[in-house]
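**Student:** Once you've looked at the hints, dock chain X against the given chain S.
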Amino acid sequence: GESVGLHLPTLSVQEGDNSIINCAYSNSASDYFIWYKQESGKGPQFIIDIRSNMDKRQGQRVTVLLNKTVKHLSLQIAATQPGDSAVYFCAESNQGGKLIFGQGTELSVKP
Amino acid sequence: EAEVAQSPRYKITEKSQAVAFWCDPISGHATLYWYRQILGQGPELLVQFQDESVVDDSQLPKDRFSAERLKGVDSTLKIQPAELGDSAMYLCASSSSGRSLQTQYFGPGTRLLVL
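Residue numbers (our numbering), protein chains in the order written: chain S, 1002 to 1112; chain X, 611 to 725.
In case anyone wonders, no lab produced these hints; they're calculated from the structure. Glycine included, C-beta positions come from ideal geometry on N, C-alpha and C. A few of these clues could be false.
[As the list claims (entries may be wrong)] Some chain X residues close to chain S (C-beta under 8 Å, calculated; not the full set):
1. Q651
2. D666
3. L701
4. Q712
5. G717
6. P718
7. G719
[Stated by the list, open to error] Label pairs and their in silico Cβ distance ranges:
8. X:L725 <-> S:G1042: 15 to 23 Å
9. X:L680 <-> S:S1013: 42 to 50 Å
10. X:A628 <-> S:D1056: 44 to 52 Å
11. S:E1016 <-> X:T713: 27 to 35 Å
12. S:D1032 <-> X:W632: 29 to 37 Å
Isolated chain S, as found in the complex (with noise of 0.2 Å):
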């Protein structure tokens, strides 16, 4: 069936350090991709997207790479601060709309 994982549950890095949170997916149909930060108690708050068509996209500190021939999807987070601690999930979608999240990796960042 369809699904996507993160590779890591846990990540730890200090304050001013690069984040690299990867993800797998497996449906090779879907044809975007999405991360999502939560912090605890809120909803999913919408980072970046990208589409199948796209190896990259950067945002505000934020860059994501797609690997469409591996199936792999990562979330690069430049100069992390205190303020980025939350839990991010990737999710994919195809034609109907439908997002397919992972169960999410915990970054925590050390002062």
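**Tutor:** Just chain X now, with coordinates in the frame of chain S:
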């Protein structure tokens, strides 16, 4: 900035009682989604509306859950009777359309605890 509104934010109920959650999507968004999120896991879709019509409710436990979006704007999700296993975060999201490549924006969620 437009946001998805949900209420209540927290709900504690006893098993076998009825509970209802409300969602008001971002203005103009035709597609509305209800998700359930168990602690430590990603959200799972319960039901998807396109305007007032249900598009996907394949994961909705229809023996106890119901959802409606009568006028194609706000929506209500109901559980009757609630069971202990229903304790979770219930999230509402909306997008401008139900097609792929459309970002879904989430509300703050309703945290349900069934005792």
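**Student:** Return the numbers of the hints above that this structure violates; sort them in rising order.
**Tutor:** The structure breaks none of the hints.
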